[in-house]
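Engineer: Residues per chain, in single letters:
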Amino acid sequence: MTQPWQAVVVGIALFATMAAYALFTGADFGGGIWDLLAGGTERGRRPRTAIDASVTPVWEGNQTWIVLGIVLVFTAFPTAFAAIMTSLFVPLSLALLGILLRGIGFAFRHEADRVRTEQSAGALFAASSFLAPFFLGVTVGAVATGRVRTDRTGNVPDAWLNPSALMTGALFVAACAYIGAVYLVGDSHRRGDEGMVRYFSKRALAAGVVTGVFAGINLVFLHNDAPYVFHRLVGAALPLLIVSIVAGATALGLVLIRRVWLLRITAGVAVGAVVAAWGWAQYPYLLPTSLSLREGSAPTASLNAELVVLVMAAVFVVPSFVYLYWLQQHEKLVVTEESGDLVRAVARENKTAARPKRPHRVLEAMVIGAAAWELLREAVARMRRK
Amino acid sequence: MLTAIGTLADHAVIPARSQMGASLGFHIIFACFGIAFPLPMLVAHWRGLRHDDASALLLARRWSKVMAVIFAVGAVSGTVLSFELGLLWPTLMGTYGPAYGIPFSIEGIWFFVEAIFTAVYLYGWRKLRPWLHWWTGVPLVISGILGAFSVVAANSWMNQPSGFTLSHGRITHVNPWAVMFNRATPWEVPHMLLAAYMVAGFTTAAVYAVGWMRGRRDRYHRLGFLIPFVTAGVCAPVQVAFGDSVARAIEQQQPLKFAAMEFVNRTHSHVTEWLGGIYVNGKVYFGLGIPDFDSILVGYSPDAKVIGWRSAPPRDRPQLINLVHLAFDLMVVLGIALLVLAAWQGWVWWFRRAIPETKWFLIPAALSGLAAITAMESGWVVTEVGRQPWVVYRMLRTSDAVTTSSGVPVTLVATLLIYAVLTCVVILVPWLMARRWRNQRPSPPEGAESAPPVSDARDDEPVR
Ligand code: HDD
Ligand code: HEM
Ligand code: HEM
Numbered sequence: 001m002t003q004p005w006q007a008v009v010v011g012i013a014l015f016a017t018m019a020a021y022a023l024f025t026g027a028d029f030g031g032g033i034w035d036l037l038a039g040g041t042e043r044g045r046r047p048r049t050a051i052d053a054s055v056t057p058v059w060e061g062n063q064t065w066i067v068l069g070i071v072l073v074f075t076a077f078p079t080a081f082a083a084i085m086t087s088l089f090v091p092l093s094l095a096l097l098g099i100l101l102r103g104i105g106f107a108f109r110h111e112a113d114r115v116r117t118e119q120s121a122g123a124l125f126a127a128s129s130f131l132a133p134f135f136l137g138v139t140v141g142a143v144a145t146g147r148v149r150t151d152r153t154g155n156v157p158d159a160w161l162n163p164s165a166l167m168t169g170a171l172f173v174a175a176c177a178y179i180g181a182v183y184l185v186g187d188s189h190r191r192g193d194e195g196m197v198r199y200f201s202k203r204a205l206a207a208g209v210v211t212g213v214f215a216g217i218n219l220v221f222l223h224n225d226a227p228y229v230f231h232r233l234v235g236a237a238l239p240l241l242i243v244s245i246v247a248g249a250t251a252l253g254l255v256l257i258r259r260v261w262l263l264r265i266t267a268g269v270a271v272g273a274v275v276a277a278w279g280w281a282q283y284p285y286l287l288p289t290s291l292s293l294r295e296g297s298a299p300t301a302s303l304n305a306e307l308v309v310l311v312m313a314a315v316f317v318v319p320s321f322v323y324l325y326w327l328q329q330h331e332k333l334v335v336t337e338e339s340g341d342l343v344r345a346v347a348r349e350n351k352t353a354a355r356p357k358r359p360h361r362v363l364e365a366m367v368i369g370a371a372a373w374e375l376l377r378e379a380v381a382r383m384r385r386k
Numbered sequence: 001m002l003t004a005i006g007t008l009a010d011h012a013v014i015p016a017r018s019q020m021g022a023s024l025g026f027h028i029i030f031a032c033f034g035i036a037f038p039l040p041m042l043v044a045h046w047r048g049l050r051h052d053d054a055s056a057l058l059l060a061r062r063w064s065k066v067m068a069v070i071f072a073v074g075a076v077s078g079t080v081l082s083f084e085l086g087l088l089w090p091t092l093m094g095t096y097g098p099a100y101g102i103p104f105s106i107e108g109i110w111f112f113v114e115a116i117f118t119a120v121y122l123y124g125w126r127k128l129r130p131w132l133h134w135w136t137g138v139p140l141v142i143s144g145i146l147g148a149f150s151v152v153a154a155n156s157w158m159n160q161p162s163g164f165t166l167s168h169g170r171i172t173h174v175n176p177w178a179v180m181f182n183r184a185t186p187w188e189v190p191h192m193l194l195a196a197y198m199v200a201g202f203t204t205a206a207v208y209a210v211g212w213m214r215g216r217r218d219r220y221h222r223l224g225f226l227i228p229f230v231t232a233g234v235c236a237p238v239q240v241a242f243g244d245s246v247a248r249a250i251e252q253q254q255p256l257k258f259a260a261m262e263f264v265n266r267t268h269s270h271v272t273e274w275l276g277g278i279y280v281n282g283k284v285y286f287g288l289g290i291p292d293f294d295s296i297l298v299g300y301s302p303d304a305k306v307i308g309w310r311s312a313p314p315r316d317r318p319q320l321i322n323l324v325h326l327a328f329d330l331m332v333v334l335g336i337a338l339l340v341l342a343a344w345q346g347w348v349w350w351f352r353r354a355i356p357e358t359k360w361f362l363i364p365a366a367l368s369g370l371a372a373i374t375a376m377e378s379g380w381v382v383t384e385v386g387r388q389p390w391v392v393y394r395m396l397r398t399s400d401a402v403t404t405s406s407g408v409p410v411t412l413v414a415t416l417l418i419y420a421v422l423t424c425v426v427i428l429v430p431w432l433m434a435r436r437w438r439n440q441r442p443s444p445p446e447g448a449e450s451a452p453p454v455s456d457a458r459d460d461e462p463v464r
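From first to last, the protein sequence lines are chains Z and X.
Just so it is clear: in the first sequence, position 74 is 74 by our numbering, and no numbers are missing.
Just so it is clear: in the second sequence, position 459 is 459 by our numbering, and no numbers are missing.
Think of the hints as simulated: they come from the structure by calculation, not from any bench.
All the given hints hold, so there is nothing to weed out.
List time: in silico DMTMM-like cross-link candidates among lysine to aspartate or glutamate, alpha-carbon distance up to 20 Å:
# : chain 1 : residue 1 : chain 2 : residue 2
1 : X       : K305      : X       : D292
2 : X       : K127      : Z       : E331
3 : X       : K283      : X       : E273
4 : X       : K127      : Z       : D52
5 : X       : K283      : X       : D329
6 : Z       : K332      : Z       : D52
7 : X       : K127      : X       : D52
8 : X       : K305      : X       : E273
9 : X       : K127      : Z       : D341
Rough simulated footprint, nothing fancy, chain Z against chain X, three-plus residues with beta-carbon under 8 Å:
#  : segment
10 : 62-75
11 : 125-135
12 : 164-174
The beta-carbon is built from N, C-alpha and C at its ideal position, and this holds for glycine as well.
Just chain X, with the same shape it has in the complex (with noise of 0.2 Å):
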């Protein structure tokens, strides 16, 4: 009987493991939109009021109906992922949830005071005084940080449990703070925060990059188009070079997660650093190897050791090391492009007050959006498998945290069926909202003299 139910939970466990992954590489989209989006928003919805600036408060408006699809689809993918942490994973939250559960309950508040303003936002735009208007899209932001940080901290705690007693697989005590600012906290925080920042913000300006491309260049793309570049370009050198740091203290905190995204296999010096390639039986294929140059980064000498995964017994070493290697590769090529973009951008605007005309910039700033959602899902991607094969770091291995319940893989399948639904409808609805509002405008202006009178131009017809 035990046996059987060990095999059932075994299978179990891909399935689940899956199911996660795609969940929270959905939600987290749609987490980054409800983390950096306001920011942008409200800058045009400002500049709108503040310089009488109809192209400015015309983007403010359009992205808050944008935003209404976008929160929404992120508020229930939230709650399903909030419903996951039990179904999927009922030891993790039977035994840790004391200690786990506590940022979760704080992100609680502040999500829902960032529910509760994005509605009063989205809906007040008629009704309220355009200033108070604007105030109430200021908790927006605030709110999104601090959840963020929340939600980060509990990730971050799996990564580096703290702030609790374990006895007879009990939890005694508790020391919340503990738990909120683990050894991961304030690398993890930063590090997403910046990447939300950047998903939000290149993804909003690949879209009038687009526009800018076709030739629409008039003030109203020019600002949908620099506003959130620059909130997003901003913060790309900032990125990079807080990666670098984060990656130091994943050497120290989680030597066996750095192997893996290094292909370290036995602890040594001198090591070589690997750009790309496939590692099978002990060889590098295809990669591109600088000597010494792992140690460097490591310990600025080709001396430092670097701990390598023979060192742990074959049962706790990381799986699926090609996974997080290449995809922390990904990563940071990524983040180094996009940090090129922004330079450019920076440049040409520093000296030239425009936006640069040529094809070798727009291409790469209408794919920056994309781009900048790959490397924050590369990210997590080392982060979470980079952890395994523990949930808790150290304490409590995922197949054995995992569900009892049969029944994983059905679920699973529907998962998968709806997110890709979804995703695809998600891309269509802003699509088709822009295609609308560019039938309401009338036609490029250059040189014509009547522009068509827009009588019936409206964003809404009334409810029906």
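The shape of chain Z in the complex, shown without the other chains (with noise of 0.2 Å):
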């Protein structure tokens, strides 16, 4: 059965979507996870700062790529959208929960550091970061075991709570503090921190090792919860897999000869091909094996207007996007900045300017006095009239 061209483009683009928010909110997330495991005070100060100096300034950007998947879900592909929502109703509250967390750990971290709430607002921030990579893996893995059915309704516990969705969300987490790492190593690198560059790949690779570890053994529960994928995965997207695999261990050699860019390339090449796989393996299925693209998705004009969308999203976000990472990797964006230049001359300027006073006192005067003389002459001209 052929599916509408224009819902295969869609799709696609649904998962690069989720492939750039693997990368690059992935990486901040792994950041978060960092930083929480960065130790005490005085131990984590220099890893900390590195990571704020590298995850802030683009931490706004990153932030918005879901909004985008889910808007693309719920124009494109509404029935599955409505489905996902309703049956994975918990894991996608709480997903949305470390989002929220996340977000307000950012906005007041740097207010906070004053207060001396530093360590609580810390943990929050941190915290939130294993929270929402785990339960958006445990609803991706849900989804792939074909559970999630538009024949349902109300909350189903079932389609998640099982080995492979929960699998699915622990290696969601390593594979974010592996990215996180990967990036990490890269931006000390590039900031001459030899030492920070030291204590990011040991961390790069050991997460890296760990998500490998964990995809095997979730390729093994794929094999009972979710028989449509695992097939397709050691099947027809297998080439994808592999070229994951190797990818990924390739990055892992790379992190020991201390290859940069070649690292963070690869390493995007290994989250890219695995995100491709898992939407081939799912091909041609929304919903595994319940829903077909052919059969859920929005009418040909919808679809085209997500094309437009898409077009639109090339021409100004694409190189929006680019530009800030552009400036972030030439350190054009400073998180702190000081304006005691600016303090000095305001109070000069105060202390100096008498302020210049042109009151039209009489001009003032002229157009309230014809205003009364208008209204005092309207209200003689209608006593007149009575």
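Both chains come to you apart, so use the hints to assemble them.
Structural biologist: Next up, the structure:
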């Protein structure tokens, strides 16, 4: 059965958005995880500073990927969206809680530093870095099992309370930690901070190994829980899976020999390929095996509208995003800044400046007078008429 | 089984509506700043660069710091909303997503652009060239307006759904243009944009009005008051005039909502206009009634007929009539009050180039931000509660749209708790910032010959 090409293109764009979310926001979450694991205030100071300088300027932009993903789903694949949101109400609410707390932690972190709530705010920020990727992973895993269906109402606990969904959650956390560490290796390298390069390299290596192990275990679980996706993963989608595995393994080697840019690229390829593999393994289903693309997609005009939106994204968002990262990578975006010079200048100015006064008292009096005169005349005229 | 599911859904609808209302009511305040705060900031920034004006430049810098916090809260609360559309109203999205989703997708693009350039602008103060940096703020103004356009178009689509064909409960054809530019769009979008500029402007000005009252009458506070007050004040008269047309449009497009706004129970002419008051069993208590005036407002004549809610079967009638009516009156009263305030400042500025010194001006000015926010929130109550029992006007009932999942009461409590805490923090943090900034300013130089040296005046210590 062929699928409408527009639906396929929007579907690909959706997976690309998810890959971007995994890479960019994944690095944010990873930063939060390493922040939590950085130890006490004294010991963790240097890594935390590095994480802050790398994550903060781009946080705002990264945040939006998931929103783009959501609107794509509910416009292009509305029935699947409704089913997922109903069946997986609980894990999605928890993921949302994580995203919310993450943002709050981010927004107030710098202020919180000053009023000595640092510890608790930092912990909040970091704990949410586990919550969000874990439950987003659970959601993805639950959809793969095929237990999210359009014909079920209410919460469906067995869709996500199963080994493979939970394992997918754990896998997402490990992957975020890995991506975050790789990103931080690169940034520390650029800043010439050898100590931090070593620090994050070690962690990238560890997280990479854990991610690989989790992925292996999850494949076993998928065999039981998600037969359709499993069979396509080791069938049609196998090449992509292999690309991902090879890239992942290469990246581990690159960490050891410190090839920073190559490392980032291969890590990106590993993540991108695994997202693509998952998408291809689900094809042609939105919800395996109960809702196919054809049955689940919106009318053509809506899909075309989404294609226009994607073109708009390519024209407006992608260049801006590249510009943002270009500035960040060239250290043009600075989280702190001093205004001492300005404060002094203002003080001087206020001392000397006599404020210019140009009151038009006469004009004002004339206008008031004229208005009063008009009112009076009007009143008199009325009385006469009566 | 079916009835069990039915009662379950009935139970979810009240918490779900409360949660949606709370989340939106919270988000919209930050959204207003996202839309309208960049403009006064860029004006101050422009002045600072163009005239080498240190006060203006310092204002722009500090405003951008506050904006960083506000924008982050706006972004996460917006993300919460986009989840909630599905978590709370799966039937709405599942059925109408192909139409209703289009404006949201376009909104996504503009807010993405806005988020990116916010980051560039916020963190670019030190290393970007000054005018290039100023220009990175311009996309904020544009994308804010375009984004607001799209999301309010989504809301007006709920009020006047159009641009789709429904067959067997599924949308089969969509006309995206007709979705975006439905009959309510030309009324709601400008009204909301003006409201956003009023909220952001009056709220910011209010902060400096307090400083002014406390005797901090320097150029810094003068500019800090005037720039946002003027942007908001210019909008005030336009808003009131435009609001009047909005009301007439509502009378045409959603007569039952209008009936609730004006306490019109049965269709008749010579309708009394009620100011305030409470409607109980066909009588209005405590209200000030102006005979015939409602008919005159609607049709320019006492003989004009106004449709009442009794023209509809009971289950299609608006609920919570008193809330809708009082919210509408509150919005109008506050709109007119803000107009008067703006006119006062306009007058004094025109003739005396000054800020009125009397408490009779300054105290209301210090409250103007709160008033604008209240007016805006009540406007939304009119729109949303007045549309009930429909989510999509005349197409989908709210009670049919709600999720079948249990658990909404829990998320409702969590939402209320988190947003309550967050509200306190959002107020506290700028207050702390301001206190710190004040401490780094040498004390008011009035007469004092030697201001204390400001050696370690920093806005931010290096990150830890
Ligand atoms: C600062 C805010 C503000 C002020 C001063 C006013 N409004 Fe307003 N009003 C809004 C902020 C707002 C709003 C929050 O932005 C709403 C909600 C939905 C919308 O599009 O705008 C709104 C909605 C709204 C509606 C309902 C639209 C609908 O149901 O779709 C009407 C009839 C009016 N307004 C009328 C007025 C009148 C006659 C005003 C004259 C004084 C007025 N508004 C002042
Ligand atoms: C931004 C300011 C807004 C506020 C303050 C607001 C307020 C509310 C309130 C109070 C309710 C509950 C209605 C009731 O209890 O009777 C509600 C419901 C709802 N609103 Fe809004 N609303 C806003 C804007 C929007 C926008 C822009 C949209 C969508 C585009 C929207 C979509 C909904 C939906 C889907 C519901 C649930 C269904 C319903 O009860 O009508 N709202 N909103
Ligand atoms: C159901 C209704 C709504 C949804 C789903 C929604 C969704 C969102 C989302 C996801 C964001 C975050 C974008 C980012 O990451 O930067 C956002 C921000 C924003 N929203 Fe909303 N929104 C809604 C209602 C509104 C309304 C009614 C307005 C204004 C008229 C509005 C104006 C804005 C603006 C200006 C921003 C960007 C600035 C900021 O973050 O403060 N939104 N919205």
